[in-house]
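J.: Sequences listed follow chains A and B, in order. The opening position of the first sequence corresponds to residue 1 in the UniProt record's numbering, with each subsequent residue numbered one higher. The opening position of the second sequence corresponds to residue 1 in the UniProt record's numbering, with each subsequent residue numbered one higher.
One should not assume that every hint holds.
The list that follows gives simulated cross-link-like pairs (lysine-lysine, DSSO-like), each with its CA atoms no further than 30 Å apart [as the list claims (entries may be wrong)]: (1) B:K178 <-> B:K201; (2) A:K213 <-> A:K201; (3) A:K213 <-> A:K100; (4) B:K201 <-> B:K213; (5) A:K201 <-> B:K100; (6) B:K213 <-> A:K178; (7) A:K201 <-> A:K178; (8) B:K201 <-> A:K100; (9) B:K178 <-> A:K100; (10) B:K100 <-> B:K201; (11) A:K100 <-> B:K213.
Because the hints were derived from the structure by calculation, they are not lab data.
So you can see what is in the structure, the chains are spelled out below.
Number of protein chains: 2
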Amino acid sequence: MSGPDQNEGPVDEFDWIRRCLMPLAGAPEALGLLDDAAVVPSRPGFDLVITKDALVEGVHFLPDDPLDGVAGKLIRVNLSDLAAKGAEPYGYLLATAWPKGTGWAPREAFARGLAEDQQRFGLTLLGGDTVSTPGPFVVSLTLLGWVPQGGMVRRSGARPGDVVLVSGTIGDGWLGLKAAQGGLAELSTEDRAWLAGRYRKPEPRLALASALKGHATAAADVSDGLIADAGRIAIASDIAVELDLEHAPLSEPAARWLAGQGDRDAGLLALAAGGDDYEVVCTARESCADALVQAAAEAGVRLVRIGRVGAGQGVETRLNGRLVTPERAGYRHG
Amino acid sequence: MSGPDQNEGPVDEFDWIRRCLMPLAGAPEALGLLDDAAVVPSRPGFDLVITKDALVEGVHFLPDDPLDGVAGKLIRVNLSDLAAKGAEPYGYLLATAWPKGTGWAPREAFARGLAEDQQRFGLTLLGGDTVSTPGPFVVSLTLLGWVPQGGMVRRSGARPGDVVLVSGTIGDGWLGLKAAQGGLAELSTEDRAWLAGRYRKPEPRLALASALKGHATAAADVSDGLIADAGRIAIASDIAVELDLEHAPLSEPAARWLAGQGDRDAGLLALAAGGDDYEVVCTARESCADALVQAAAEAGVRLVRIGRVGAGQGVETRLNGRLVTPERAGYRHG
Numbered sequence: 001m002s003g004p005d006q007n008e009g010p011v012d013e014f015d016w017i018r019r020c021l022m023p024l025a026g027a028p029e030a031l032g033l034l035d036d037a038a039v040v041p042s043r044p045g046f047d048l049v050i051t052k053d054a055l056v057e058g059v060h061f062l063p064d065d066p067l068d069g070v071a072g073k074l075i076r077v078n079l080s081d082l083a084a085k086g087a088e089p090y091g092y093l094l095a096t097a098w099p100k101g102t103g104w105a106p107r108e109a110f111a112r113g114l115a116e117d118q119q120r121f122g123l124t125l126l127g128g129d130t131v132s133t134p135g136p137f138v139v140s141l142t143l144l145g146w147v148p149q150g151g152m153v154r155r156s157g158a159r160p161g162d163v164v165l166v167s168g169t170i171g172d173g174w175l176g177l178k179a180a181q182g183g184l185a186e187l188s189t190e191d192r193a194w195l196a197g198r199y200r201k202p203e204p205r206l207a208l209a210s211a212l213k214g215h216a217t218a219a220a221d222v223s224d225g226l227i228a229d230a231g232r233i234a235i236a237s238d239i240a241v242e243l244d245l246e247h248a249p250l251s252e253p254a255a256r257w258l259a260g261q262g263d264r265d266a267g268l269l270a271l272a273a274g275g276d277d278y279e280v281v282c283t284a285r286e287s288c289a290d291a292l293v294q295a296a297a298e299a300g301v302r303l304v305r306i307g308r309v310g311a312g313q314g315v316e317t318r319l320n321g322r323l324v325t326p327e328r329a330g331y332r333h334g
Numbered sequence: 001m002s003g004p005d006q007n008e009g010p011v012d013e014f015d016w017i018r019r020c021l022m023p024l025a026g027a028p029e030a031l032g033l034l035d036d037a038a039v040v041p042s043r044p045g046f047d048l049v050i051t052k053d054a055l056v057e058g059v060h061f062l063p064d065d066p067l068d069g070v071a072g073k074l075i076r077v078n079l080s081d082l083a084a085k086g087a088e089p090y091g092y093l094l095a096t097a098w099p100k101g102t103g104w105a106p107r108e109a110f111a112r113g114l115a116e117d118q119q120r121f122g123l124t125l126l127g128g129d130t131v132s133t134p135g136p137f138v139v140s141l142t143l144l145g146w147v148p149q150g151g152m153v154r155r156s157g158a159r160p161g162d163v164v165l166v167s168g169t170i171g172d173g174w175l176g177l178k179a180a181q182g183g184l185a186e187l188s189t190e191d192r193a194w195l196a197g198r199y200r201k202p203e204p205r206l207a208l209a210s211a212l213k214g215h216a217t218a219a220a221d222v223s224d225g226l227i228a229d230a231g232r233i234a235i236a237s238d239i240a241v242e243l244d245l246e247h248a249p250l251s252e253p254a255a256r257w258l259a260g261q262g263d264r265d266a267g268l269l270a271l272a273a274g275g276d277d278y279e280v281v282c283t284a285r286e287s288c289a290d291a292l293v294q295a296a297a298e299a300g301v302r303l304v305r306i307g308r309v310g311a312g313q314g315v316e317t318r319l320n321g322r323l324v325t326p327e328r329a330g331y332r333h334g
């Protein structure tokens, strides 16, 4: 989307705010985007949960990806952080750095994507900044949510003896990126399209909020890969996570891909190390694990046991009891 | 600062967080930067004020500007927004997009600048994101502050009959950018250095918080120029602002520069339209204006009357009673 439109001159950043962003900022806290700042009233009995993620064109999305989808992904990857914390989405601030000369069409597409997902997830635009850049499009979103006071599910609460669980299916995001880039010719068109959709439009696990708050000891979202994000729980909790990869939940397309791999173990490791799943990995006391699975199921989300917490440090990955070592700890952008 | 260091390999973004950012995140709310999000406890009786500003290399600062200074300016331009709202600084989230291959030296310089100003202004790092980019350095900061419940000074409170006042001196930022770029040869070395310092290291008017909360009807920070930012109060309050530019407070170096201009009126207009002053423009009831000036003086800040609020719309600029029209409404970055 970089570079000027051929049909029109460059767009003034202030005009963009007026035409595209003000309609997204209906809450009184946003002050119509006419002030220096937004004002969030104190909500007694609740803590504010704040997360911030940035996306860069050419790093986190492809230059010809439609910008409504990029806006949606930006909102969803931030919502995924809230989901893992058991928080309820509230509002966001947005900073966009548009390539010099960017016209209306990409800006309108981006705002359309914001509008669609903020309605879907009950969000409102609170404020932000918009500037121009001689480089590629860069956008940063600060997302706010609420949790009952003291109730945020942290990465640091896992204890030895806990069970490790993961939501949904693992590895679809990594396969979906390959599919979006034209790879995975061995799969059907339908499988490739489904996987690309999982990569482009992840579904944040907000439905898990109540189950996690009620039963989990720790949780993190799976953005950089199951192994890497389980590793972050291990670091924050100062414990060891042992993962049994043969229990990793796979989608049918991912299972078909795995069946076609010569080295099944390497394939399974790759799925567990791949990023962009936006599932939730969490821990719970053994005595609470069934209640957690049950509460998640009632919220429409499948949670499966995939390992346990030990007294050491770091992550151990096993396949049918054998220790296996991933080539890389997880997906890291650039 | 772009491009790889010659002496060392590229730096992993996670290593940068560990080595440079974790030491800045001492508050329990930041969870040691080990979690998906920060958690801000509700503060009964207070509202949270949130502002977000982004800077781009080559647009808002020069590629060879030292990055400790850029970090300081980023913190200060955000603090200036809080100052105009009467808010007390609390903490910030940071998103950095570093050019691929950026080594330790620029990152450490940037973190040093953050450390210095967060100590000076009583801030703490709460969270954020760090990514790489094929383009120039882009950084976005989300700043949080507290105001007593319902007490935020808005842009929208000005009413006809109010007095318009401005803090400090006007036009130094615009002259300072010229000085920093090697211009203003007609001025002394000392004047050029002082003006460049005003551009590079603005002093946010946080000391005004109590005076503004007690006596002002509306306020905005002067980031895009006195005329443009007074215009934003006019839009948000749906009133007209009339500015008497002959009362614009000038620093001695700015006054010396103005004395050397052939067209004094054009020079004064340029100072009032120039950006980057980070002063505060505000309004007050006529009956409260003296109390506001007095309270500001007790806080060590000079406020002077520079106009009044009328019943129309927009900004009228006058010079000794004559209506004058600025060539541009204010400084807008690219």
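J.: Work down the list of hints and note, for each, if the structure agrees.
T.: Hint check results:
no.: 1; hint: B:K178 <-> B:K201; in the structure: holds, 15 Å
no.: 2; hint: A:K213 <-> A:K201; in the structure: holds, 25 Å
no.: 3; hint: A:K213 <-> A:K100; in the structure: violated, 45 Å
no.: 4; hint: B:K201 <-> B:K213; in the structure: holds, 25 Å
no.: 5; hint: A:K201 <-> B:K100; in the structure: holds, 27 Å
no.: 6; hint: B:K213 <-> A:K178; in the structure: violated, 56 Å
no.: 7; hint: A:K201 <-> A:K178; in the structure: holds, 15 Å
no.: 8; hint: B:K201 <-> A:K100; in the structure: holds, 27 Å
no.: 9; hint: B:K178 <-> A:K100; in the structure: holds, 23 Å
no.: 10; hint: B:K100 <-> B:K201; in the structure: holds, 28 Å
no.: 11; hint: A:K100 <-> B:K213; in the structure: violated, 39 Å
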